[in-house]
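Residue numbers (the numbering used here), protein chains in the order written: chain W, 794 to 1090; chain A, 2 to 413; chain R, 20 to 330.
It is worth saying that the hints were derived from the structure and are not from the lab. Since we're looking at a predicted model, the values are computed, not measured. Treat the hints loosely; a few may be bogus.
[Unchecked claim] Selected chain W positions facing chain R (Cβ under 7 Å, derived; list incomplete):
#: 1; residue: K810
#: 2; residue: A812
#: 3; residue: M816
#: 4; residue: A820
#: 5; residue: V915
#: 6; residue: L972
#: 7; residue: R1024
#: 8; residue: Y1049
#: 9; residue: L1070
#: 10; residue: I1074
#: 11; residue: P1078
#: 12; residue: L1082
For every residue, glycine included, the Cβ atom is placed at its ideal position computed from N, Cα and C.
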Amino acid sequence: MSKSERPSQLFRNLNAKIASIPMIFTALVIFVGGTVWTVFYSFTNSKLLPRLHFVGLDQYYRLWATPRWLISIENLLIYGVLSLVFSLVIGFLLAALLDQKIRFEDTFRTIFLYPFALSFIVTGLVWQWLLNPEFGVQAVVRSLGWTSFSFNPLYDSSIVIYGILIAALWQGTGLIMCLMLAGLRGIDEDIWKAARVDGIPTWKTYLFIIIPMMRPVFITTLVIVASNIVRVYDLVVAQTSGGPGIASEVPAKYVYDYMFFAQNLGQGFAASTMMLLSVIIVIVPWAYLEFGGKKRV
Amino acid sequence: MRYQLMTAALALTTALQFAGPAAATDLEVTHWWTSGGEAAAVAELAKAFDATGNHWVDGAIAGSGGTARPIMISRITGGDPMGATQFNHGRQAEELVQAGLMRDLTDLATKEKWTEIVQPKSLLDGCTLDGKIYCVPVNIHSWQWLWLSNAAFEKAGVPVPKNWNEYVAAAPALEKAGIQPLAVGGQPWQASGAFDVLLAAVGGTDAFLKVYKDKDAEFAAGPEVAKVFKAADDARKMAKNTNVQDWNQATNLVITGKAGGQIMGDWAQGEFQVAGQTAGKDYTCLPGLGLNEMIATGGDAFYFPLLKDPEKSKAQEVLAHTLLDPKTQVAFNLKKGSLPVRGDVDLKAANDCMKKGLEILAKGNVMPWTDQLLSQDTQKQKEDLFSEFFAKQDMTVEDAQKRFAAIVGSAD
Amino acid sequence: MSDHVVSLPAIGGAGGLEAYGPSGPKPRHTFSRRNIFLYGTLIVVALYYLLPLYVMVVTSLKGMPEIRLGNIFSPPMEITFEPWVKAWSSACTGLNCDGLSRGFWNSVRITIPSVILSIALASVNGYALANWRFKGADTFFIILIVGAFIPYQVMIYPIVIILREVGLYGSLSGLVIVHSIFGMPILTLLFRNYFTSMPEELFRAARVDGAGFWGIYFRIMLPMSLPIFVVAIILQVTGIWNDFLFGVVYTRPDTYPMTVQLNNIVNSVQGVKEYNVNMAATILTGLVPLIVYFLSGKLFVRGIAAGAVKG
C-alpha cells in the first residue's frame, strides 16, 4: 500500500512497531537480558549480592552432585509427565462428556472450572487439610470402620509427589476441559455426518478424526500446561514445603531456596540456567515451527 | 568536648534526650516473630519505642526467617529499605554490611558504652565487622534445650528423664502408652538444629567447635561424630510419625502431652507460658540435653539500613537505644523466653528454666552457635541433609555422615 | 454401545444445542444406559470437584472444639460466623490485627490498573502481530512465548535491579509493570490468535477505505473482540489477584495484597492452628476470582474458543 513505499525501512509500518515496543522491551530487556544476566552470573561465586568473581563451572559441578537437585529433577519428571497426560486425558474426556447435549451443562462446567479461580496457595492449603492423616480422608474412612485404611501421601516420602499431583489436577483440569470443549464446538458438523455415514465408531472418530483436527487447541493447552509444570512452586510450598524431608522438592524451589535462603546466588543461577536450557531445547524448535513459518499480509 | 561529655552523661541516664522535642517519626520494623509468644514479646518493643514519641510500624512477615529474610534482603538491595530489621546476628547480613547498605552504629555504641553493657562480650562480636558495630543484639537464644512433658511421662509410668540417655531409654515406654516419644516438626531447620544440639551435647563443646569452627572434615567423618550420628538415629526413630510442620505445633504436642519431648531452643518457653504452664510442674527443661550444660550466644539482633531521611535516621538511633534499655530488655525477654543481653538487669520474674539459663551464663559456659560460624549456604545444605535424614528412615547413618563430612569440608 | 448420538453444536455453547441425527424425543432417553452412565460419571466427578469447597465452607462455620472432634466432612452442629469475622477484621500477624480487610483494598488497587494496562498492551500487540507484521516480529514473539516458561524465581533478581535503577522499586506502579510484563506472553498469544482468525476481508476493506493502524484497531477490531477481552480479563483478574510472589517481593507491608496477608495469617500459628479462621480467610481471598468466574460462565468458553482454537 501507499505507506509501504517509504524509503526508510525503519519507518515502514511505524505504528505497528510503536505498538510492539512493550513486547520488544519485555522480550529483549526482561527475558533475554535477564537470562543473559543470570547465565553470566552463574559462573561466579556470588553469594548474597551479585559479584564478578569467576569460578568457571564450579557451581554446575556442585549442582549435579547435590542429592536435593537430583530428587527435584526426578520429581519434576514424574509430576510433569503425569500431570501432562492426566490433565489432557481428563480434560478431554470431561469435555467430550459435556459435549453430549446434556442438561445442566453450565452447572457442570462451572463446577469443573471453579478451582481454577483459586490460587495455588489456596489449593495447597485445602488439600493439605484434606490429606491430613489426623483429620482428613484417612481419618474419615477409618472412622467408618475400615481401620487399616491408609492414605497418607503428604507424610510418606515415596508417594508425596502424587499427593501434589492430585491437588494440581483438581485445580487445573477445568481450564483444560474448557479449552477442549471450545475445540470440540469448533468442529464442523459435516465431519460427524460423514463419519457416521461411513459407519466409523464414535471412539474411532474422536481418536483419528476429531483429535487431529483439534491440533491448535492441543498446542495452546500444551503451552499452558507445560509452562505451569516447569514453574510449579507455590503449590509445593503451600502443601508440603518440599517435605517430608526433601521428598517433594522441585527445581523452581531449589532455585528460590538457594538464591534467597542460602544466600548463594551463584548456585541458584546455575540451577536456573539448567532449567532455562532444558526449556529452550524443547520449546524453541517447536515455537519456530509453530509460529515462525506462517506468513500473512 | 564539653558537648560530647554532656551527651554521654545524658545517654547513660535516660532516654529523655530523644523523647523530648522531635515530632513523631514512623519507623518500619520488619521481623518474623509471629507466633503467640513472639508476638507478645515484640509488642513490648513496640510499646517502648512508641513511648519515645515515635511510631513503630510493624512489618511482620510470617513463616520463619527463611521466608522473611529474602524479602528483607530484596527490599534493602532494591533501594527501598525499612527503618530497621531483625536478623540473627552473625553472618546473615555480612554481605549487606560489606556492600555499605547498613548503618554503622559504632559512634552510638561508643557513646552509650555498649561494650560495657552487653554481656557476654561475644554477642557484640557477632555484630562487628572490621572493628565497626552494625547491629543491636536484643537477646540470647540458645538452642540446646530439651523440653519434656511431665504429664506424658506420668502417663507412661516412667520418671521424667534427667538427660538425653535416660530419655532414649524411656522412649519404648512412651510409645507403649500411645505417646509420640519425640516431636520434630517438618520444617528443615528443626531437624538440622536438633542435630547441632546433639553434636554439642553428646559430642561436647570441643567436638562442636572442631566441626563448625575449624571445619575439620576428617574429624567430622571420624568416630566421635559417628557417636553423634548414632544419637541422631535414635532421635529420628523417636520422632517418626510427627505429622506437624511448624515448631510451635510440635511444642504444642509436648504442651498437650501428646509427645514426650522436643529438642528446641528456648523460644519454645514462650509457648509454654502462653499456654499457662509452669516450669518444673507441667514441664521440665534440660539445658544441653542434661549432658553438657552450656549456652550458645546465638540470638536476634536488629540491623539498621542506611537511610537518607535524617528524621528516620534519628529515629533509628532512638530505637537502638530503646532496644538496649534495661526496662525493655526485661519486658521483652520475659515474654520471649530468651535471656537479656545485659548482665545488670533484674530478672526476679524469671521462671525456673530462665534461671537455669542465667546460672549457666553467669558461670561463663558460653559457646558460639552456627549462625556465627557458618554461612547461610552451608546452613542450607545442612538443613537439606538432616531433613532428609529425619524423614527417610532407610537412609543409613554412614551415608549421612559421609555427606555431612563433605558439607563440612566445603564450608566457608 | 449405540451412542451414535453425538452433539455437534457450533461455537456459542448452549445456543447451538439442537439435536442432530436420528435421536428420538428426549424424555424417552432419560433413563437409557447411556444417560445413566453419562450423568453418573459427571455427578461423581462433580462431587470430587466440589468436595474441597464443601470442606472449606463447612470447616469455616465450625467452632474450634467441634473441629478437634474430627470428621471434616460432617456439617457443623452449631453454625458460627465468628471465624469469618475474625479472618476479615481481627486475625493477627505480628502486631497487626486487622485481618484481611486491609489486604483486600490493596489487592483491588493492584489488580485494576494491572489488568487494564496488561490487556491494553497485549491486545494492541497481538493486533500488530496478526495484521501488521514487520520484519523481526516473529522472533520477538517467539522469545516472548519461551519467556512464558521461565520460572518467575529466575527473574526476581534482575527485575529488582531494573526497578531499582528506574526508581520504581517498592511502588505500586512497579508492581503493575511487573504484572503487565508477566501477563504478556499468554495474553499476546490469545489476542494474536483471535485477530488472525477474523475475516481478512474486513481488514482489507478498511485499508482500502484509508483507515490506518489505530483507526482499524479502534473502529473494527475492538468492537468485535468482546469474547477475547472477557477471557483476558478473567485470566488476568485471577492471575493477579492470586499472585503471591510478586506481591511479597515488590511491595511493602502497607501495600501487601490479600494473598500475602492470607499466607501471614495461615502461617502465624498462635498456639494451635485455627483451621476455621484459616478456611474462612482462604474463601474470602478466593471470593473475587470465584465471583468473576460464576458471572462470566458461558462467555469464557466462547472467548477461549475464539482465542485458542484457531491457531
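Quick check on the hint: P1078(W) CB to chain R CB, less than 7 Å? 10 Å, violated
Would you check whether L1082(W) satisfies its interface hint, that is, whether its CB is within less than 7 Å of any CB in chain R? 10 Å, violated
Evaluation of the interface hint that places K810(W) against chain R, nearest CB under 7 Å: 6 Å, holds
Restraint: L1070(W) near chain R, CB-CB cut 7 Å. Satisfied or not? 11 Å, violated
Minimum Cβ distance from L972(W) to chain R below 7 Å? Interface hint status for L972(W): holds (5 Å vs cutoff 7 Å).
Using the nearest Cβ pair, does M816(W) come within less than 7 Å of chain R? The hint holds - M816(W) has a Cβ within 7 Å of chain R, the shortest such distance being about 5 Å.
Holds or violated: I1074(W) as interface residue toward chain R, Cβ cutoff 7 Å? 11 Å, violated
Against chain R, is A820(W) within 7 Å by beta-carbon distance? 4 Å, holds
Proposed interface contact between R1024(W) and chain R, which counts if any beta carbon pair is under 7 Å: At about 5 Å, which falls below the 7 Å cut-off, the nearest Cβ of chain R leaves the hint on R1024(W) intact, so it holds.
Interface hint outcome for V915(W) [beta carbon to chain R under 7 Å]: Holds: closest Cβ of chain R sits about 5 Å from V915(W), inside 7 Å.
Interface hint for A812(W), Cβ within 7 Å of any Cβ on chain R: 4 Å, holds
Closest C-beta approach of Y1049(W) to chain R relative to 7 Å, hint status: Result: holds, 4 Å to nearest chain R Cβ.
Violation of the numbered hints given earlier is confined to hints 9, 10, 11, 12; the remaining hints are satisfied by the structure.
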